[in-house]
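K.L.:
Here is what each chain is made of, one letter per residue.
2 protein chains.
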Amino acid sequence: MYFDKAEVLERSELEKLQVERLKKTIDLAANSPYYSESFKKNNINSSVIKTIDDVKRLPFTTKDDLRSQYPHGLLTKPLDEFVRLHASSGTTGTPTAVFYTQKDLDTWADLMARSLYAVGVRRSDILQNMSGYGLFTGGLGIHYGSERLGCLTIPAGAGNTKRQIKLIRDFNVTALHIIPSFALYFAGKVREEGYDPADMPWKIALIGAEPHTEYTRQKIEEELHIKAYNSYGLTEMNGPGVAFECTEQSGMHVWEDSYIAEIIDPETGESVPDGEIGELVMTTLTREGMPIIRYRTRDLTRFIPGQCKCGRTSKRIDRIVGRADDMLIIKGVNIYPMQIENIIMAMPEVGQNYLIELFREGFIDQIKVKVEIKDQYFVEDMRALQGLQKKIANKLRDEILVTPRVELVQHDSIPKSDGKAKRVLDLREVEA
Amino acid sequence: MYFDKAEVLERSELEKLQVERLKKTIDLAANSPYYSESFKKNNINSSVIKTIDDVKRLPFTTKDDLRSQYPHGLLTKPLDEFVRLHASSGTTGTPTAVFYTQKDLDTWADLMARSLYAVGVRRSDILQNMSGYGLFTGGLGIHYGSERLGCLTIPAGAGNTKRQIKLIRDFNVTALHIIPSFALYFAGKVREEGYDPADMPWKIALIGAEPHTEYTRQKIEEELHIKAYNSYGLTEMNGPGVAFECTEQSGMHVWEDSYIAEIIDPETGESVPDGEIGELVMTTLTREGMPIIRYRTRDLTRFIPGQCKCGRTSKRIDRIVGRADDMLIIKGVNIYPMQIENIIMAMPEVGQNYLIELFREGFIDQIKVKVEIKDQYFVEDMRALQGLQKKIANKLRDEILVTPRVELVQHDSIPKSDGKAKRVLDLREVEA
Ligand SMILES: [Zn+2]
Ligand SMILES: [Zn+2]
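For the protein sequence lines, the chains are A and B, in the order given.
Per the numbering used here, residue 4 is the first one in the first sequence, and the count goes up by one each step.
Per the numbering used here, residue 4 is the first one in the second sequence, and the count goes up by one each step.
Among the hints, a few may not be true.
Copies of the same chain look alike in the list, so a pair counts if it fits in one copy or across any two.
Below, in silico cross-link-like pairs of lysine-lysine (DSS-like), each with a Cα-Cα straight-line distance of 27 angstroms or less [stated by the list, open to error]:
hint	residue 1	residue 2
1	377	393
2	425	371
3	206	80
4	53	371
Hints were generated in silico from the structure; no laboratory data involved.
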């Protein structure tokens, strides 16, 4: 069951399509001031692309590049060919702005419709879009995709919880687009209003607007009695609909007919093997007005090895585990704090807080993880505590490939500043 | 210069088209539970329509009718044919909900594109949509129309004044959609940020989202150094784009190929002559999913007699002067408080406040208007004051066709409650 046959292409056919579209994208991009100059400097044109691997011959594009070209430097067409603009928020500094032609909006709406379909939304569904609209791509992105799929779309926007509940009940809303950090608050409000979430008409929640953990997803599913689906997108690549989970909930399918995804070591720029975490790099293949080539997203994830049970042939990325800027290098290994958080927060014994400490013994980097343990597990039985300590250390070693020291501490013993916990304490520079 | 040749049809051709579409609308409407029953009860079918005047043979539809049919009673098709829903806000009481098929959205976007074109917006313009999105039809209505016309559309949404200014400057925004009550505040903010509105790139403002006076328009034009255009729309008739000013700024052209507009006496239901104020009644001619026939808008306006200089042949309505529910009947004449407000507030001598008093002398209704006069005009020269009094009385008589008594009072002498002035004091019942 798929929306577009591009989702189930044989790998060889897909790569042929990618090569063709990449060449076309390079030709198009050469019409923009930025890429015209960059290609000249790097002696690039579309003829350098023979196989999909040749994408690696193209230079990266960074957020700083986009900023330096603000506002019009990446446009391949005259300004009056464009019909939409989205921009990162903020009034200080240079925003990044993305421009869309009508064809770009159509392509994006098609990708969004395909994405919604992948998680089980159908044209008979009634979708309430509970995210803000405006410059944020999540609102209009889901909105256009939902209409394109033919769903009855309720542009509820953010806020006004009571009205949201009334609309959901009055119109038998079956699908929600809801920000994950709002979803749990909303579940509480539904109960406060006297309704049991199990009795609500909803079935499917799209919660990909913010990075979140598997634990948060499970919590949302339990609290709202709903299936909740993650997705990935960023304004530079249109917005939502770059990669979407399917009903298997085992990673996000990259829509590879429209995007080339690479995962690289953020230090070296070289590809990492499937299964290893690195920085996601994206290239647009179907954007005509403002193609972007090898964009360094700074988002950290990994390709999930193997095939998805759903039958789609596209590569899947795992949930985002942080930003490349957060990366720690210990004993030559790249480690991301979110990897550690995901492991320990999934353990029932662990409380609200933890702290990663980096220090040096002699010339050797060491990592220690202080973990707050819930009171009922913080018992006097040393054997039990040592067992727990060892269990955490082993689980972490399996994930980060370095054995950390683990220190179990009591609830509320890790200091907080401004109510927010500091997650990493790097003592290596201090001691050096 | 027009966007669609429907705007300049000969009256006879237009009426032929209206008759054809009205018959089709009746046939469609008969598929909805509500109209099916209503037509049966009133013995109506499309064959009763021979000329456009026969629209008067159809029963009215009121807001209460819409409420009683909430949510699905007016739909002509199965729910899964619909892709959009807008609803009046509010969590108490029954909202009114309007459903759109994809074809309805396309028709609406075309009407909006035509509307923007009529006030001089072109595809080369850059339009910043500064109204809220969501269930309010103004946001998505203008957004879709602007994209349809081919303008670069910036979905800025409401609020965040500093960011609005930054976007306008960075992207050379030439057209704004701005709520009139926000526009004057915004002008002040622009100056506070150190910019002269005369130096801003904007040229055209769409300010039709709220009823406002000619005085407010002129103020906005002066303060923002912009041409500001009024328009008329309501959710029950899709949203914005029902009637729009042209660059002549002399009334709002009703898009009569899509809507039949009538103006009736709200008491008798009979048509009033052109030029006389009454309640606007609207019939959709191009809506397939949820046609509405002879909808009592409760909005008060008049047809402007004669032809517009722009060459468009459609009827024009004047700005909304209030709600039918506000109507006063004096000596058998219908009077609307906003008519009085418009006259006196346009006079330089008049201050912030006024009060309309209705009372009875013997069996005769009388109307007195107390008018606060600015200090510099409240002089000791009785002759000058009597002259002013007479001038106000004459101007009011010309507008409301009854000669009121006029009492000039000092600044701040009319009592306010909760900071808001009471505009009408009806003493007739008390004394009767
Ligand atoms: Zn799958
Ligand atoms: Zn005109």
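K.L.:
Hint by hint, note whether the structure agrees.
P.N.:
Now the hints, each set against the structure:
1. 377 - 393: Answer is within; shortest intra-copy Cα gap is 17 angstroms, inter-copy 84 angstroms.
2. 425 - 371: within (14 angstroms within a copy, 71 angstroms between copies)
3. 206 - 80: between (43 angstroms within a copy, 24 angstroms between copies)
4. 53 - 371: neither (47 angstroms within a copy, 87 angstroms between copies)
Violated hint: 4 only; the structure is consistent with all others.
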